[in-house]
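If you want the building blocks of each chain, they are given just below.
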Amino acid sequence: MDILMNGVGLVLNFETLLVILLASLFGIFVGAVPGLTATMAVALLVPLTFYMDTIPAIAAIVTTSAMAIFAGDIPGTYLNIPGTPASAAYVGESHALAKKGRAREALGINLVCSVFGGIFGTLILIVVAQSLAEVALQFSAFEYFWLAVLGLSCSIFISVGSRIKAFLSLLFGILLSTVGLDMMSGAPRFTFGVPDLMAGINFIPVMIGMFALNELMSYYGSKSEKKTISVVDNDSVFHHVPGHMKRYWRNMVRGSSIGTLIGALPGAGADIAAWISYGVGKGRSKEKEKYGTGNIEGIMDASSANNSGISGAWVPALVFGIPGDSITAIVIGVLYMKGMNPGPTIFMDGSGLIYALFIVFILANLMMLPIGYIAIRLSKLFILTPSRILMPVILCFCVVGAFAINNSIVDVWLMLIVGLVAYILAVNDFPMAPAILGLVLGSVVENNFMSAMLRTGGDLTSFFSRPISAGLGIAVILLWCSPFLIKAYRYLQTKFQPSST
Amino acid sequence: MRDLFTGLAFVIAGIATIVTAQQFPTLPSLQYGPSLFPSIVGAGFCLGGALLAANALWNRRRVLAPQTSTEAAALREPSTGKSGLAMLLPPLAIVFYIFASGYLGAMITMAVIMFVLMILRKTVPWVALVASLIVALAIYFIFSHYLLIPLPQGVLLEGRLPWIF
Chain A
430 MDILMNGVGL VLNFETLLVI LLASLFGIFV GAVPGLTATM AVALLVPLTF YMDTIPAIAA
490 IVTTSAMAIF AGDIPGTYLN IPGTPASAAY VGESHALAKK GRAREALGIN LVCSVFGGIF
550 GTLILIVVAQ SLAEVALQFS AFEYFWLAVL GLSCSIFISV GSRIKAFLSL LFGILLSTVG
610 LDMMSGAPRF TFGVPDLMAG INFIPVMIGM FALNELMSYY GSKSEKKTIS VVDNDSVFHH
670 VPGHMKRYWR NMVRGSSIGT LIGALPGAGA DIAAWISYGV GKGRSKEKEK YGTGNIEGIM
730 DASSANNSGI SGAWVPALVF GIPGDSITAI VIGVLYMKGM NPGPTIFMDG SGLIYALFIV
790 FILANLMMLP IGYIAIRLSK LFILTPSRIL MPVILCFCVV GAFAINNSIV DVWLMLIVGL
850 VAYILAVNDF PMAPAILGLV LGSVVENNFM SAMLRTGGDL TSFFSRPISA GLGIAVILLW
910 CSPFLIKAYR YLQTKFQPSS T
Chain B
406 MRDLFTGLAF VIAGIATIVT AQQFPTLPSL QYGPSLFPSI VGAGFCLGGA LLAANALWNR
466 RRVLAPQTST EAAALREPST GKSGLAMLLP PLAIVFYIFA SGYLGAMITM AVIMFVLMIL
526 RKTVPWVALV ASLIVALAIY FIFSHYLLIP LPQGVLLEGR LPWIF
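Going down the list, the protein sequences come from chains A and B. Residue numbers for the first sequence follow our numbering, beginning at 430 and rising by one. Residue numbers for the second sequence follow our numbering, beginning at 406 and rising by one.
Read the hints as simulated data drawn from the structure, not as lab findings. Check each hint, because a few of them may be wrong.
Derived DSS-like pairs: lysine-lysine, alpha-carbon spacing no greater than 30 Å straight-line [to be verified]:
1. B/527 to A/809
2. A/528 to A/717
3. A/529 to A/719
4. A/675 to A/715
5. B/527 to A/652
6. A/719 to A/809
Partner residues are not named here, just some residues of chain A that face chain B (Cβ under 7 Å, in silico) [claimed, not checked]:
7. 604
8. 618
9. 828
10. 836
11. 845
12. 857
13. 875
Built from N, CA and C at the ideal position, the CB exists for glycine as well.
Using the sequences plus the hints, can you model the full thing?
Structure follows, in structure tokens:
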């Protein structure tokens, strides 16, 4: 009980509450401006959180990401342009509703589903994380090695698009993680004589380059477009919500469950969660023909899923230190920089930190209701913010933010180079999430592999000698064989079908 | 077609990574030295890059074979060079900051960058001027005064800034 009270005390103070409020406004703004993603919001926020205590820092990130994911629906509804990729799955439905004069109704449902999904995901996090952490306490280098490999593998196999590209993107991240002094021998690797690189590549400039500079380059590379809103929005925000909730509560629960599960898988974030639950919702709906014409049902599944995915991603991040998406990858980077080791011990240290974190999640999601309501009423203000003024400002924040971590101009160069590489990869349809996971988990894989080998004298079979380790190892092997297994299954199915009919 | 070149670039990067990794020292007491992981990554680059390039070639052949040349041209990937080199503006601005901030100071450099970028996107000049000056001042104040980041004051303004900065 004392620990819980400690946790409450950590959150309910002026500084943290102010940070949550400011982060909410920032998150809503970034999410609602098309072209700025939730991950970009978090990457830009990190240099500031670096100077905060742990709880306000995490609170800022949690609140910003949750708000940005909801706010992504606002330009989606009004302009048919998703504010963040996580809204892309159901942007057609919301915009179709807006064209019928039901913009606020659609956004009201989006808001309530986002809050529901976020809290649902948090409750799962609270229930599951604690018991998983007890199991994780028994893990050693062998299990952590396999877990990290499993996480990295998931990021390839669950990504949208080409798996080869996801694989190469992942390797790019792992290569970045090997820069610096080697843990075992102390030999410098890929430092090119730059002393600043001896300690390894700093997460933050890389993330700013990957998620902010890359987006800025895409903006300047594209033709400027004039944003005009052609829909009328005189309807009520919450008037229809109770009716829809009563009718479609199953969709909310199903979307939230799928979202949490997919969010918890490493490499798959809110956007994939939304796509999958939209697809599942459509497949199980009794009114399939209404999909695509402005169907509330489709919105409810996917809008619950993307916010629950954000919470779900924290399960592996907190329990194992394995990030569930790019945002938690950034959080893990921040925790490392603050000298904290994300992992099961975070649940046992008695400081109440974990309870504080849970309270922050609930609070951030509850605050989404009033702030989201105001944001819906002020939608046009956000959407019509001129990008031509905003983008140069963001560029300056990128430069100063990258510099601020170590007060070093080398980090600005690093951001620039990574941003250029990320841009080239992004225009060629390479996903970015595997790269960031590779950067965070690359050293986890290598360090655990090396320490396991040191312990067993280089015996590779030791990775299969402990039951959990062997189980995880087999899971990894099955995952890598899955494309071949699926192909073989389909081949056999088509081969035997004619004879059976 | 772009995938072919990207794939080949990855193969070259992979070979370069493996060659560099071979120069890392090894310790006789360790079975697996510091070159192991970079070499695996390099090998992965080669393998993935080769697969990507081979896939691109395979798809190209499949697209070109049964169709007329006009259809095939329509199926070719869209070019990215439409908007010219405008996407290089942000990196150029950063390079300008890196070299100019030592002399001009972070505040003036940021204001110049923002003003130029806003004007290039057809912002009304006085709006661009006011916005870039206010934002540059705000960023400089927040980072140097509140977060105590030693942003370069610049040789030009050294010691001439009011005490508040």
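Exercise. Which earlier hints can't be squared with this structure?
Worked result: Per hint list: zero violations.
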